[in-house]
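**Student:** Given the coordinates of chain A, assemble chain B onto it according to the supplied hints.
Here the protein sequences come in this chain order: A and B.
Just add 75 to the spot in the first sequence (first one is 1) and you have the numbering used here.
Just add 75 to the spot in the second sequence (first one is 1) and you have the numbering used here.
I should point out that these hints are in silico values taken from the structure, not numbers from a laboratory.
Incorrect hints may appear among the rest.
Stated by the list, open to error - Straight-line distance between alpha carbons at most 25 Å, and here's what the computed BS3-like set of lysine-lysine pairs gives:
hint, chain 1, residue 1, chain 2, residue 2
1, A, LYS226, A, LYS180
2, A, LYS165, A, LYS226
3, A, LYS103, B, LYS173
4, A, LYS168, B, LYS199
5, A, LYS168, B, LYS135
6, A, LYS165, A, LYS180
7, B, LYS168, A, LYS168
8, A, LYS229, B, LYS210
9, A, LYS199, A, LYS180
10, B, LYS152, A, LYS199
11, A, LYS199, A, LYS165
12, A, LYS135, B, LYS210
13, B, LYS185, A, LYS165
14, A, LYS165, B, LYS210
15, A, LYS180, A, LYS229
16, A, LYS163, B, LYS168
17, B, LYS165, A, LYS152
18, B, LYS199, A, LYS135
19, B, LYS199, B, LYS180
20, B, LYS210, A, LYS168
21, B, LYS135, B, LYS180
22, A, LYS168, B, LYS103
23, B, LYS210, A, LYS152
24, A, LYS199, B, LYS199
25, A, LYS210, B, LYS152
26, B, LYS185, B, LYS135
27, B, LYS199, A, LYS152
28, B, LYS163, A, LYS135
29, B, LYS168, A, LYS103
30, A, LYS199, B, LYS135
31, B, LYS163, B, LYS199
32, A, LYS210, A, LYS173
To be verified - Listed below are several chain A residues computed to face chain B (Cβ distance under 10 Å; list not exhaustive):
hint, residue
33, GLY102
34, GLU105
35, ALA114
36, THR117
37, ALA123
38, GLU136
39, GLN137
40, VAL144
In this text, a Cβ means the ideal position worked out from N, Cα and C, and glycines have one as well.
2 protein chains.
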Amino acid sequence: MHIAIKSLVAGITLSAMAGVTFAQTVGKLEDQIRWRQSAYHTMAWSMARIKANIDGTYNKEQVAEAANVIQAIANSKMGALYQPGSDKGKGWKETRLKPEFFTDKETLGKVGPAFGAAANEMAKVAAGGDAAAVKAQFGKLGEACKGCHDKFRKEE
Amino acid sequence: MHIAIKSLVAGITLSAMAGVTFAQTVGKLEDQIRWRQSAYHTMAWSMARIKANIDGTYNKEQVAEAANVIQAIANSKMGALYQPGSDKGKGWKETRLKPEFFTDKETLGKVGPAFGAAANEMAKVAAGGDAAAVKAQFGKLGEACKGCHDKFRKEE
Chain A
76 MHIAIKSLVA GITLSAMAGV TFAQTVGKLE DQIRWRQSAY HTMAWSMARI KANIDGTYNK
136 EQVAEAANVI QAIANSKMGA LYQPGSDKGK GWKETRLKPE FFTDKETLGK VGPAFGAAAN
196 EMAKVAAGGD AAAVKAQFGK LGEACKGCHD KFRKEE
Chain B
76 MHIAIKSLVA GITLSAMAGV TFAQTVGKLE DQIRWRQSAY HTMAWSMARI KANIDGTYNK
136 EQVAEAANVI QAIANSKMGA LYQPGSDKGK GWKETRLKPE FFTDKETLGK VGPAFGAAAN
196 EMAKVAAGGD AAAVKAQFGK LGEACKGCHD KFRKEE
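Excised from the complex, chain A in its bound form (with noise of 0.2 Å):
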């Protein structure tokens, strides 16, 4: 949290010196590429937990309370995050974000909105607790996923 909070302050320093005006919280690049891969990372894990009932025992609370988290973080406007330059850097580990996210706004403007109106509703549909619903809602979110993957993230 101190070193998150330090970065921080950094960041507005660097984006004031370079000239950049933004309300939004980003920090410096590395924190950035850091925010992002734990933001993702948190996602990946809240889908793990819920594929986990959707193959398992289902437990609403439990889908529900991933799907929440899930919601929560694609209504975080993380485009702050990816400020020119971040294609390139090391956060937990080296980016894999594609240039093409800079440049291709068209397919960027249609992949983002479809991952923030798949994530609520799979969150509306968490908290239905029907579970062949959830398994219908998971694989349509799995695709929206996928859309910004094939398109800005480099294979590992």
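**Tutor:** Coordinates of chain B only, in the frame set by chain A:
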């Protein structure tokens, strides 16, 4: 995502072999640690976002988004990611979990729920949009984070 799912399956297999039974998604120890570190780091990012709004120009929507992330993660029963032995090992980096986490149940039983309550209140206050109330609750939430760190997290 694919890797997380693969690890999850491996984790379940491992747990089954070890005779451990749980409905939760726990994965292998290294997955647990990486998921924990990711979730805490995502909360740290959200705390930094709230702090930037308190210290700078206040944006109600941003603060609510960040508080919702913290609340959703705080309500995700992360306890499942603290299987025995997970005070040693590496996720993104070496875990800082102290072994006391597994022995001092009395403290854990206080600081865990206190954090959850503070996170829920933070989301409620953030939705209200009163900057002074948000600042006050942000302080309380920080203390709740610290309550656990002081006891169960090694210094860096």
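**Student:** Next step is simple, just say for each hint if it's right about the structure.
**Tutor:** Right, here's what the structure says about each hint:
Distance check on the hinted pair: LYS226(A) and LYS180(A) sit about 11 Å apart at the alpha-carbon level, within 25 Å; holds. Restraint check: the Cα-Cα separation between LYS165(A) and LYS226(A) comes to about 20 Å, which is no more than 25 Å; the hinted pair holds. Restraint check for LYS103(A) and LYS173(B): the C-alpha separation of about 30 Å exceeds 25 Å, so the hint is violated. As the CA atoms of LYS168(A) and LYS199(B) are separated by approximately 35 Å, the hinted pair breaks the 25 Å bound.
Between LYS168(A) and LYS135(B), the direct Cα distance comes to roughly 33 Å. Violation of the 25 Å bound is thereby established for this hinted pair. Our distance criterion of 25 Å between C-alpha atoms is met by LYS165(A) and LYS180(A), whose separation comes to about 24 Å. Between LYS168(B) and LYS168(A) the alpha-carbon distance is near 11 Å, which keeps this suggested pair within the 25 Å criterion. A distance of roughly 40 Å separates the Cα atoms of LYS229(A) and LYS210(B); the hinted pair therefore is violated under the 25 Å criterion.
A hinted pair counts as satisfied when its Cα atoms are at most 25 Å apart, and LYS199(A) with LYS180(A) does not qualify at roughly 29 Å. Straight-line distance between C-alpha atoms of LYS152(B) and LYS199(A) comes to about 20 Å, which keeps the hinted pair within the 25 Å bound. Straight-line distance between C-alpha atoms of LYS199(A) and LYS165(A) comes to about 35 Å, which puts the hinted pair past the 25 Å bound. The hinted pair formed by LYS135(A) and LYS210(B) fails the criterion: a straight-line CA distance of about 34 Å is larger than 25 Å.
A threshold of 25 Å between alpha carbons decides the hint, and for LYS185(B) with LYS165(A) the separation of about 37 Å lies outside it, so the pair is violated. Taken as a hint, the LYS165(A) and LYS210(B) pair is broken in the structure, with Cα atoms around 32 Å apart against an allowance of 25 Å. Taking the CA atoms of LYS180(A) and LYS229(A), the gap is near 18 Å; set against the 25 Å cutoff, the hint holds. With a C-alpha separation of about 21 Å, the suggested pairing of LYS163(A) with LYS168(B) holds against the 25 Å cut-off.
Between LYS165(B) and LYS152(A), the direct Cα distance comes to roughly 30 Å. Violation of the 25 Å bound is thereby established for this hinted pair. Of the pairs offered as hints, the one joining LYS199(B) and LYS135(A) holds, with about 24 Å between alpha carbons and a cut-off of 25 Å not exceeded. Distance hint between LYS199(B) and LYS180(B) is unfulfilled; the C-alpha atoms sit about 29 Å from each other, more than 25 Å. Taking the CA atoms of LYS210(B) and LYS168(A), the gap is near 34 Å; set against the 25 Å cutoff, the hint is violated.
For the hint pairing LYS135(B) with LYS180(B), the CA-to-CA distance comes to about 38 Å; that exceeds 25 Å, so the pair is violated. Proposed proximity of LYS168(A) and LYS103(B) is supported: the alpha carbons are some 20 Å apart, at most 25 Å. This hinted pair checks out: LYS210(B) and LYS152(A) have alpha carbons roughly 22 Å apart, not beyond 25 Å. Between LYS199(A) and LYS199(B) the alpha-carbon distance is near 20 Å, which keeps this suggested pair within the 25 Å criterion.
Using a Cα cut-off of 25 Å, the hinted pair LYS210(A) and LYS152(B) holds, with the two alpha carbons roughly 22 Å apart. Taking the CA atoms of LYS185(B) and LYS135(B), the gap is about 31 Å. The hint is violated against a cut of 25 Å. Proximity of LYS199(B) to LYS152(A) is assessed by CA-CA distance (about 20 Å); at most 25 Å being required, the pair is judged to hold. Using a Cα cut-off of 25 Å, the hinted pair LYS163(B) and LYS135(A) is violated, with the two alpha carbons roughly 32 Å apart.
Pair hint LYS168(B) plus LYS103(A) holds up; C-alpha atoms about 20 Å apart against a cutoff of 25 Å. Among the hinted pairs, LYS199(A) with LYS135(B) is consistent with the structure: their alpha-carbon atoms are about 24 Å apart, no more than 25 Å. For the hint pairing LYS163(B) with LYS199(B), the CA-to-CA distance comes to about 36 Å; that exceeds 25 Å, so the pair is violated. The hinted pair formed by LYS210(A) and LYS173(A) fails the criterion: a straight-line CA distance of about 30 Å is larger than 25 Å.
At its closest, the beta carbon of GLY102(A) sits 7 Å from a beta carbon of chain B; the interface hint therefore holds under the 10 Å criterion. The restraint placing GLU105(A) at the interface with chain B is violated, with a minimum CB-CB distance near 13 Å, outside the 10 Å limit. Hint status for ALA114(A): holds, given a least beta-carbon distance of 5 Å to chain B, under 10 Å. For THR117(A), the interface hint holds, since its Cβ comes within 10 Å of a Cβ in chain B; the closest pair sits about 5 Å apart.
Interface restraint check: ALA123(A) against chain B, minimum CB-CB distance 5 Å, threshold 10 Å, status holds. Here the hint on GLU136(A) is kept, as its CB sits about 9 Å from the closest CB of chain B, short of 10 Å. With a cut of 10 Å, the hint placing GLN137(A) at the interface with chain B holds, because the nearest CB-to-CB distance is about 7 Å. At a threshold of 10 Å, the smallest CB-CB gap from VAL144(A) to chain B is about 4 Å, leaving the interface hint in force.
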